[in-house]
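Those sequence lines, one after another, are chains A and B.
Each residue of the first sequence is one higher than the one before, counting from 1 in our numbering.
Each residue of the second sequence is one higher than the one before, counting from 1 in our numbering.
These aren't lab readings, by the way, just hints derived from the structure by calculation.
Small disclaimer: the values here were computed from a predicted structure and weren't measured.
Check each hint, because a few of them may be wrong.
[As the list claims (entries may be wrong)] Below, computed lysine to any residue pairings styled on SDA-like, alpha-carbon distance capped at 25 Å:
1) B:K182 to A:P19
2) A:K106 to B:M144
3) A:K70 to B:Q264
4) A:K14 to B:N197
5) A:K70 to B:N197
[As the list claims (entries may be wrong)] Looking from chain A toward chain B, a few residues come up when the C-beta cut is under 7 Å (computed):
6) D41
7) T51
8) P54
9) Y55
10) V56
11) A59
12) E60
13) F64
Beta carbons are placed, not taken as given, at the ideal position from N, Cα and C, and that holds for glycine.
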Amino acid sequence: MILTEESVKAIKEKVKLYPQRKSAILPALTIAYRQVGHLSDEIYQEISRATRIPYVEIAEAATFYTMFPKAPRGKYLIQVCHNISCALLGADSLIGYLEEKLGIKKGETTPDNLFTLISVECLGSCATAPMMQINNDFYENLTRAKVDEILEELKAKA
Amino acid sequence: MATETKKDTRTAQQAPTVTLTIDGQEVTVPKGTTVLEAALGMGIHVPTFCWHPKLKSVGACRMCYVEIEKMPKLAVSCATEAMDGMVVHTDSDLVKRGRKAVIEFILANHPLDCPTCDKGGECDLQDLTFKHGFDDSRYDFLKMRFTEGAVHTTFDDVRIGPEIILNRNRCILCYKCVRANKEAFGEYDLGAFERGNITEINAAPGREVSNPFSGNLVEICPVGALTNTDWRYKIRVWLTKQARSICPFTSSGTNTLLWKEDHQQKIFRCTSRRNDDIDDGWIADVTRYGWSYVMAEDRLQTPLVKKEGKQVPVSWEEAIDLVARRLTEIDDTKGNVCIGGLINPQLDNESLHAFNKFMRVTIGANNVDHRLDYPMLPAQGDTAYSILSSQPFSIADIDTSDVIVSFGSDMLKEHPNEYLRMRKAYMFRQAKVFTINPYAVKNADIASVDVVYAPGTDEIVVNAICLAAIEEKLVDAGRAAGLKDKIVPNSAAEAAETAGVELDDIKIIARSLADGKQVTFLVGELVARCAEREPIAAAIANLNRLFGLTDKGQVARLARYANSKGAEKLGLTPFPAPEVKAKLERIFGGWPENEALTTDKMLVQMNKEAINAGLVVGANPLLLYPDREFARECLERLDFLVVCDSFETETTAIADVVLPLASWAEYAGDYVNLEGRTQHAEAAIKPRFHSRPALEIIEQLARAMDKPLFESADERRREVAEVLAAQAVLPWPNDYFEVSFDNAAADSEYTIPVFVGDDPHHAGHLTEKSPSLSNFVSEAYVEMSIELAAKLDVKAGDSVRVESEAGKVIVPVKVSDYLDTDAVFLPRNFSSAQVNSLLMRKKRVNRVKITRVAD
Ligand code: SF4
Ligand code: FES
């Protein structure tokens, strides 16, 4: 079992909230993701057993939602916006700088499992472009110096 | 593409209607009909990809655009309900432009690899592009290509199931396959994953698409994204012709097409031939892939005759002469009653009738039966079981039933077609479904209540429902009068306890049976094959009488094989229904005088050497009869055994004469499905090697004995028609039956109840010779619940010894995803393990012990 008893219990509670069991798929995936940090076939399997929702329906929903990670990733997920406003203000070079600093390519995780770098569509903060989101926090009006600072800070915290 | 829509006349009469105009013609349709269906019903061509007549509309492909006046945009006709006063155009310029755009959009990522695609020639996308698309393409960029998991790097093909190849590049994401799988079949091994440009159809992660209906997915795919291995790249579709055939493996008689090529005398595939009254266009995998046994190279090629202990090939003349001579000899020296005849109810009407006439006139003995897999058959004709078995049944009536009960039936394994109908009633009309079985079965997911009772307490469960109805006053007191005194135990609570079921569940079922407007009550093989079928049938007759079920629906025991119903109606039993017997007596010019013998009784007589010669046509009793040791002893005692079969089997191995039998695809014949409907199957090819149809063999034999059976083919057909016309339905009695129960379970080391039936991918001993079906399952196994596997400390795939008082087999373990009690299931008819050796014909419930085989 990957899911803890607690998670399974929480998932089962969710099923009771909806007239259709299937409605509990996203809440269940969210609970699993919060516990584990990513999703996998085994997790869909376990959710299926707990909810009696067919396994394939859980896998379908999970893969449809790209924001659920399907493989383990670093403690800090760096999501750099590459959409129009940020792009105009140098998002590409920023991503390049992050790749260089972290020594990984976009989509990869540092060997110490601290940072995963990805780029994403607009995060709704165009006024403060270029920007990125790390886990649940926004970092705005970025410059190379600022990026250095942020990374140092996170490393220190970790 | 289907261009007809068949409407249920019953609902059409009552339902409100709407009137609209399509292409200038007015049409009135039932409310709720889509614009698309209304147009198709008028014979108007509207192109579609994602619409399917038997699935819910999703509007995924937009191909079915029509213009509806006063609507701002083109409308998706498959998802637009027809309304009063609508004015619809299916062929305006706007519609034509819309279709072109849709095709262009669908082709954006389509590889256009028609020359190497197996669907070419029968591809909806190819056809509709020719008809509605542009002549050339505006695209000049690289197309999206799926390569992950490809087994063939040129085509990016992936194998997603034992018989299915998927090519995601060709997929147009109509979702028909996924929808059919979930909606119609209740199967969850296929899905649509990811999103946007990279959306893909695929097997569920880590699984394969191997459900018993998986072949349908290939058939409904409008493009070459799903193809099956038995057909792909063997021949181009335009080089083939089709024979209209009937499924020989199930009792529904689902309609099929056999695709063949005449010069090579070869069959290439089998597809559905939609008949809404029977099959809705879905066929089970056994039906689709079973045909390939016909083309097997190890078919019996010539007659074999045992000479000095060895079977050697001989000519037909020699074999027939020998059989005729030996039968005459035995008849002369020992008497005609010393010859017994068993025939497979998968054979066609005329063969069956000829066999009946041969046994009862040419030989003159009352020793005929077609029920080879039922132990301890009733020794008279007017039993509750015979009455129940003779009841009429209609497949289409399942659709309209609001309450459906399946009792003692593993529907998916035995009656896949009716299983789908049950699902359909549940999915589309919210019918209440109840399953009542001695072990958990797979249809439980649609069941409002899924009752699993203790093996051996079948009639007590039925009594419990009756008692609950009386106690809760759900039925008219006058009607109930007298029942309570005739059945045991005294109260529903006690009955429920004896059967090990929840009283509340029983009450829910009783209430639904009482309230249901149209009830379908189906009784299956677990009852028919039970040695104690009589009290169970009596309990069901009582239930029927108490709730008045036949007055508001149907109560039927479903016939099991392709022509079981035909065999019953043609009187191939020791005790035909009275009117059938009267007809036969007239045709035969009399009736044999000896005591009529059932299969078991014939075997007993063989054992006592009171029957000395046996004629077995198309069957393999050694592998099928539910007591292998007994059957072997009896058959081996015969002086003379003739077996007709398409393959060498264990039964042909002990025969004195073996005659090669042609398969159903090699001659034309009529079959009676479980509803009593007679259907014709055309011949696809000529009999292979030197095999002959059963009818021909029997007629030749009779001629060689100087007693020809029929003057002409016409006479033969007339006789068959006449017998089939006789009333074979026996009336229910006017009173309740006594149902007693004796629950004397003896202590023994054998504790695990065992059920032997068919794997959903096999039917009878022939399908083992189909390579496609063997790709699904090729050997027997023992299926058990997760809990039992844990208790026995075994895992899936482990070899175990399954042992009963009678015998033992060694088989691999299969861990079930639906069994949830200690009962285990073993599939029969596999030569890898003779599971019928575990059974004893007199036992009500056979029990076994299971131990792991040391590696
Ligand atoms: S595989 Fe075929 S049936 Fe399934 S979605 Fe693709 S095109 Fe449709
Ligand atoms: S057929 Fe109507 S949208 Fe596909």
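Cross-check of the supplied hints:
1. B:K182 to A:P19: 19 Å, holds
2. A:K106 to B:M144: It holds: about 21 Å lies between the C-alpha atoms, which stays within 25 Å.
3. A:K70 to B:Q264: Since the Cα atoms of K70 of chain A and Q264 of chain B sit roughly 52 Å apart, the hinted pair is violated (cutoff 25 Å).
4. A:K14 to B:N197: Violated, at roughly 32 Å.
5. A:K70 to B:N197: The given pair, whose Cα atoms are some 19 Å apart, holds under the 25 Å limit.
6. D41: Status holds, d = 4 Å.
7. T51: 13 Å, violated
8. P54: 4 Å, holds
9. Y55: Cβ of Y55 of chain A sits 6 Å from chain B, so the hint holds.
10. V56: Interface hint status for V56 of chain A: holds (4 Å vs cutoff 7 Å).
11. A59: With a closest approach of 5 Å, the A59 of chain A hint holds.
12. E60: Since chain B brings a Cβ to about 5 Å from E60 of chain A, closer than 7 Å, the hint holds.
13. F64: 5 Å, holds
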